[in-house]
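Dock chain W against the given chain A, drawing on the hints supplied.
2 protein chains.
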Amino acid sequence: MIQSKILKGFRDSLPAQEIVKKKIIDTLEKQFSLYGFSPIDTPALEYTEVLLGKGGGETDKQIFHFADNGGRDVALRFDLTVPFARFMALHRNELTIPFKRYHINKVWRGENPQKGRFREFYQCDFDIVGPDNPTSDVEILMMMYHSLKSLQLSNVSIHIAHRGLFNAFLRHLHVDHNSVEILRTVDKIRKVGVNQTLESLNESTGSEKVSQDILSFITPVEDENPYDTIRRLSVLAGGEEEHSNRLRNIYSTLKSLDMADNIIIDPSITRGLDYYTGIVYETFLTDLPSIGSICSGGRYNDLASLYMKEKLPGVGSSIGLDRLIAALEELGSPFLDSTRSSDVIIFNTDNSHIDYYQRIALRLRELGVRVDLYLEKKKITSQFKYAQAHNIPFGIFISDEEKSLGQFTLRRLSDRTDFKEMQIESAAVKIGEEV
Amino acid sequence: MIQSKILKGFRDSLPAQEIVKKKIIDTLEKQFSLYGFSPIDTPALEYTEVLLGKGGGETDKQIFHFADNGGRDVALRFDLTVPFARFMALHRNELTIPFKRYHINKVWRGENPQKGRFREFYQCDFDIVGPDNPTSDVEILMMMYHSLKSLQLSNVSIHIAHRGLFNAFLRHLHVDHNSVEILRTVDKIRKVGVNQTLESLNESTGSEKVSQDILSFITPVEDENPYDTIRRLSVLAGGEEEHSNRLRNIYSTLKSLDMADNIIIDPSITRGLDYYTGIVYETFLTDLPSIGSICSGGRYNDLASLYMKEKLPGVGSSIGLDRLIAALEELGSPFLDSTRSSDVIIFNTDNSHIDYYQRIALRLRELGVRVDLYLEKKKITSQFKYAQAHNIPFGIFISDEEKSLGQFTLRRLSDRTDFKEMQIESAAVKIGEEV
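Taken in order, these protein sequences are the chains called A and W. Residue numbers for the first sequence follow this note's numbering, beginning at 4 and rising by one. Residue numbers for the second sequence follow this note's numbering, beginning at 4 and rising by one.
Just chain A, with the same shape it has in the complex (with noise of 0.2 angstroms):
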């Protein structure tokens, strides 16, 4: 006998988990088709050099890599956004200029499991490429929101900064040649707070007052009306605007469309990666900050430089699927209820009923109601155990009486209130007003 034990790291989905993940999944998706975003897939395995570009990084200690049979040296994707990049220059010529992309689906990397930290989980990214202009961020962050508001998560704070600016700023500081330096440092600044940031930008600036013009950069003023915020930070950045108006013109649509009061004008947002140019975001919800970004970030100047000549300008954005699901969990998110498997189950009292049970079930079907039938003629205490397990809320018992009348009882689960002489239509009303 063989142990049936599974890989650190990596779990099983049960129906209760997979029907949530699907449910939140499916949400998504119709949001984004609703925005006119197209979905795409690209392979698990690809070219190591193809996932690993220079490489060098963290990364490469973190992928589950390996020669093949064919002894080509492959690699499970570690993230969605170099497969998308390699994708858009292998296709380039077939796809339409701007190009909405999203990509939901598993990535595996081979670091350390921690809690909440798995080595195969979900991702779920959504781009626009081709224009560079306030009408794409726009896009982006409506659509941010408009998804997470879908999952019935409306007390989220999008955090925007924009890079441009913040470089713009190190440049009048004198201190851009070490801007990558620094903007990791700020990146980390929720992580190990002011004393810690202040100390390591000294280090990288070698100056206490650069160091100290920095933190007051990037430290939010309380009740500051965002307008202000971006004309302060317009001035510390010595009198820029092609970022700030940038900026200003992004908001101002923003707050046209209703999603002022969910919107921070927040200069600590830089996001690590010397990949981003523009605009740059993280999300957070109201009820529960400590889990961190659910939705991350930005615009970048060119997605696919490793792989082709053109510049591919774009915005887009990342939802941590498993990180989303903690948090509706933890929340105690309405959204997650009602995750039956079906809406009602035939008991099934007598064997010389079946064919009869199976055609009221097949004619609910057609009705769009979801029927599970038990399938054994067991004691009825293992079915009502069954149905309970499985949180359906209807079941249908049926008499020879009834069976001969065309009719059958219908049953509210939960407080075991009957409705007699329910037919196939009325029974599949009855059940759509209450599921």
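Hints are computed from structural coordinates only; laboratory data are not their basis. Just so you know, not all the hints are guaranteed correct.
[Unchecked claim] Covered by chain W, per the in silico footprint, the following chain A stretches (three or more residues, Cβ under 8 angstroms):
#1 28 to 39
#2 99 to 110
#3 139 to 149
#4 343 to 354
Quick caveat, the model's predicted, so the values are computed rather than measured. All C-beta atoms, glycine included, are put in the ideal place defined by N, C-alpha and C.
Same frame as chain A, now just chain W:
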């Protein structure tokens, strides 16, 4: 620069393909949920020994396996059946029997890519574990039929045989010790023809008479009534009753559920694998028989014997999604029509109207209309080209005057019919009528 190449036998899924795949999977999942089946998922990577069991077969050479960073021998799953058996053994105490699950996801095999065969492909499996009775057999067959029907594939023939009946027949002929070999030979008759089958049977049985008897047993008699077929087979098997009664029972229920026209009792169906013990079936498209079976399976008496002592009987089936998609394409199926990414596009003809465009888009989306806003003010011909490439049926134009009146023009793009003086609600209704 790195070449944006992709591994042999692997494919990207572009929007047009991915939209089709998602539509098919959604439709199948909708049907499965009407029958009370729940989704599950398992990891892509498992311990190699868990996936290969005792090993030694063809599968061993085909799987992608390697040593991970911790030195564990791990492999990508090559089907969804083995992980399901492992899953049942591991979670037996958390699950309620009968357990009805489906699983749609990717599997990987290192076999040499051929036309229509890939190293990464989708499987779609569904099983009922627990009961060993005709009710469950019927439910699987019903669900198969109605799932294919929901894909607008009504011209299907489900060919059913019974392995128990066939084994009784072989026992009656005193050749049951060779049953595995004989089963495999018979399984190939569609591929290799009658003569070569007879030759192989001669080798296995050592008797021309017995081989001829086997051939008679598995050869359908034209226009024979199915009940007569079952009776004839039962007589040939020495008056066997248990399995032929079961088959009769199943057929009669399917007939009462209006499936008689789509069911063929066909003793040539054996399914090569040792694993099956009861009914076995394959499903052919009447309009495209050459493509082979698109949905096959059967009843087994012990799912997880490799991992646990408890016997778990069940009945299940598997849809080859890639073959199914190929079939729908070859049939020019109307099911594949209307795979557009959105219902309407707002043409961007005036940058100063952007906020207004966004508001109209937002309000239409709130009414469930899928709206693409063209994100740049480009030449209108570019915008038309984009709409055409995405197969978008409607466009919206907004002039200064219309904007001031809160109106716009809706154009049906196929014939350039304009609907003037439209507002949000009237446009949503008009679009809803036609898409």
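Hints, one by one, checked against the model:
1. For the stretch 28 to 39 of chain A, the assignment as covered by chain W holds, since 5 residues bring a beta-carbon within under 8 angstroms of that chain's beta-carbons and 3 suffice.
2. Beta-carbon proximity to chain W at under 8 angstroms applies to 5 residues in the stretch 99 to 110 of chain A; the threshold of 3 is reached and the given coverage holds.
3. Under the rule that three or more residues need a Cβ within less than 8 angstroms of chain W, the assignment of the stretch 139 to 149 of chain A holds, with 5 such residues.
4. As drawn, the stretch 343 to 354 of chain A meets chain W at 4 residues by the rule of a beta-carbon pair under 8 angstroms; at three or more, the given contact holds.
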